[in-house]
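> One letter stands for each residue in the lines below.
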Amino acid sequence: MNNKAKQPPKPLRKRVAVWLAHGLLAVLAFIWLIPIFWVVLTSFRGTQGSYSSTFFPTVYSLRNYVKLFTDFSVFNFSQMLLNTVIIAVANCLLSTFFVVSVAYTLSRLRFRSRKRLMSIAMIINLFPGFMSMIANYYIFKMLGWTNGPMLRVAMIAVYAGGAGVGYHIAKGFFDTIPIALDEAAMLDGATRWQVLRHIIMPLSKPIIVYTLLTSFAGPFKDFMLAKVLCGPNKDYYTVAVGMYQMLEQEYIDQWFCAFAAAAVIISIPIAALFLATQKYYSVGVSGAVKG
Amino acid sequence: MFKKNNVPLDTQITVLAALKNGSAMVALSAVIWGWGCLVRKQFAKAALFLAAEAAIIYYMITSGVERLSKLITLGDMEQQKIWNEEKSIFEYVDGDRSLTILLYGIVTLAIVICAVLLIRASVKCAYQAECLYKRGKTVPSFRREVRDLLDQKLHISLLALPILGVLVFTILPLLFMTSMAFTNYSVLDNKLVLFDWVGLDNFKRMVDLNSSLGQTFWSVLSWTLVWAVVATFSNYILGMLLALLINWKEVRSKKFWRFCFVLTVAVPHFVTLLIIRQMLQPTGAINVLLQNMGLIDSPLPFFTETTWSRVTVILINIWVSVPYVLLQITGILQNIPQELYESAKVDGAGPVVTFYKITLPYMLFVTTPYLITSFTGNINNFNTIFLTSEGLPRAVESTAGSTDLLITWLYKLTIDNQYYDVGAVIGIMTFVTLSVVSLLTFRYSGSYKNEEAFR
Chain A
1 MNNKAKQPPK PLRKRVAVWL AHGLLAVLAF IWLIPIFWVV LTSFRGTQGS YSSTFFPTVY
61 SLRNYVKLFT DFSVFNFSQM LLNTVIIAVA NCLLSTFFVV SVAYTLSRLR FRSRKRLMSI
121 AMIINLFPGF MSMIANYYIF KMLGWTNGPM LRVAMIAVYA GGAGVGYHIA KGFFDTIPIA
181 LDEAAMLDGA TRWQVLRHII MPLSKPIIVY TLLTSFAGPF KDFMLAKVLC GPNKDYYTVA
241 VGMYQMLEQE YIDQWFCAFA AAAVIISIPI AALFLATQKY YSVGVSGAVK G
Chain B
1 MFKKNNVPLD TQITVLAALK NGSAMVALSA VIWGWGCLVR KQFAKAALFL AAEAAIIYYM
61 ITSGVERLSK LITLGDMEQQ KIWNEEKSIF EYVDGDRSLT ILLYGIVTLA IVICAVLLIR
121 ASVKCAYQAE CLYKRGKTVP SFRREVRDLL DQKLHISLLA LPILGVLVFT ILPLLFMTSM
181 AFTNYSVLDN KLVLFDWVGL DNFKRMVDLN SSLGQTFWSV LSWTLVWAVV ATFSNYILGM
241 LLALLINWKE VRSKKFWRFC FVLTVAVPHF VTLLIIRQML QPTGAINVLL QNMGLIDSPL
301 PFFTETTWSR VTVILINIWV SVPYVLLQIT GILQNIPQEL YESAKVDGAG PVVTFYKITL
361 PYMLFVTTPY LITSFTGNIN NFNTIFLTSE GLPRAVESTA GSTDLLITWL YKLTIDNQYY
421 DVGAVIGIMT FVTLSVVSLL TFRYSGSYKN EEAFR
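So the sequences go chain by chain: A and B.
Counting from 1, position 216 in the first sequence corresponds to residue 216 in our numbering; the numbering is continuous, with no gaps.
Counting from 1, position 210 in the second sequence corresponds to residue 210 in our numbering; the numbering is continuous, with no gaps.
Calculated directly from the structure, the hints in this document are not laboratory data.
Mixed in with the good hints, there may be bad ones.
[Said to hold, decoys possible] No farther apart than 27 Å at their CA atoms in a straight line, the calculated lysine-lysine pairs in the BS3-like style are these:
| # | chain 1 | residue 1 | chain 2 | residue 2 |
| --- | --- | --- | --- | --- |
| 1 | B | K70 | A | K141 |
| 2 | B | K81 | A | K141 |
| 3 | A | K227 | B | K255 |
| 4 | A | K14 | B | K412 |
| 5 | A | K221 | B | K412 |
| 6 | A | K10 | B | K204 |
| 7 | B | K254 | B | K412 |
| 8 | B | K249 | A | K14 |
| 9 | B | K191 | B | K254 |
| 10 | B | K249 | A | K10 |
| 11 | B | K412 | A | K227 |
| 12 | A | K205 | B | K153 |
| 13 | B | K204 | B | K357 |
| 14 | B | K357 | B | K345 |
| 15 | A | K14 | B | K345 |
These figures come from a predicted structure and were not determined experimentally.
When you get a sec, could you build the whole thing from the sequences and use the hints?
Here it is, written out as structure tokens:
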């Protein structure tokens, strides 16, 4: 599309249109980037308080970052990070196993209740996820899992347990691998497991990596579930809940800049993960359309 | 793709046919599970069946029957004080807890369903073995059947754990919550420990325009629908325009522009949403900036006035979601088969005609399911509301604010106010709304029917 060769001069109207297009893009990009820019600035602001009268800080310092990892009086940020990482690792292994199994089965194997299972999954997806989450909360409360170390197990269970119904993107990927590969292998006497193990899996690294990375990022991004399950258990806060608490009325004055620093710390790895998985994302979405 | 197999797969056998055509052995298998297998010397399988039967019968006798019977009343014994003569003190005797009874009752019902499924499996299995035996063929050994789990029945092995996960952590909780909608489990009248079935009372209260609950429900529902429609289409249209603009062949450094927008998607949503909320506070960055510049005298009422608040959350949602749409539509734009454009060019079509005849129809076809999921997502868009406006502004006597969606209202009703029965009704109502809107569209959209059209 980008034609780099010398072109004849364009008519004036077209040149104006091109300038306008670039100008519009610049304005839009500015609107979209300014809050992010502002957070980065705030994270280096030397003065405390939830607002400042100037857009650019008057004093720059690193103390907000230092505070996050040294001041444990109210919020223990390192503990929150550790909690989130533990949950994220467990979630990404379990979820990926569930999602890839379901997606592969529904995409490449044919059995009697296949369509019915897909319809059931669709119906489940129509229930607000929040509803099963609250019910899970009651159940875990009855079991006494909402206090103490079992809280982690409860969170992992809720994150990963129902992951199987979110198979669409991975199925879209498997749908694009030609079915002729399977048929050829089975003519040669391969079992379906061997087809999966030796033919499809090596071809599916992108979608496995994609699922691993997105499910790893899940607990870092999720707010709702962690908030409901953790309740007042500060020791088990994930970063999302902890950062939400930093903006509560009683802490915001002391912790707002630290919140900005935390936002920067969390966003860099998550953004990197996202940019790494981005190309699979658009492929998966357009692929998911196929069923 | 199936290899033609002489062995009848058990999926081809119906239970009725098995009971009609099979011998007494088959019928007996419904009572003594695995009996048919035992007769045909499938010992390992028979042992598994019998063990399952023994476990279920043991459970039903020791606690299952009692739990099922308690499910009818949900318990009626309150905590009691009993005078203990020997120690001369009052001792507390635990009363019934309805929530526990309800949960255990549902679990027991699930076990009963399991038992029915196992009976069917046992009968089918017996009949299949009998058919093979009569035709003089060997009955498959246990080892062979296990091996088959990696071939003909691979779908069973692959789906077993994921389905178990969904059953335990999604379907069971959903049933549990749904059943609460038919009780009076609520902080009202102190029904938190012992509660009863009330039938459809909660639903009646909810749709009754004369009760305060009904009025809140209808206003929240209509705002939820308005929100979902406006949010979905504003994102879709603006995202499409932006994608087309960046895709225009005259625009330089496309990658850079895309990166600018994608960066905002990459940052976790809760972070950006909390930041925007902070910026829009009466003493937040935007108001301070505007006041310093002398443009306004008093802070703008972003979250304190109904109309302002509603427009603000929709704008925030545009800010959050347009980059997503941009990402997806860019992928689709690049996937449109180039032959279409070339042949259009040969036929002499201009850019406008090409857009209306090729780009738009293709995109609508491919993105219809996306539009539906996006609509669903917006109805359930908890974060955008909860982390920015928090549903505000809210009238004092109401439990929902004027930007509250059904889902955030559900949160407030259950977590903050302990109106669990009404909360469950809201959950069901959300489900009904979503089903009505999307199930029909989904079933009749082209891409659901022609699932394999692109292979």
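> Which hint numbers does the structure go against, in order from smallest to largest?
3, 4, 6, 7, 9 and 13
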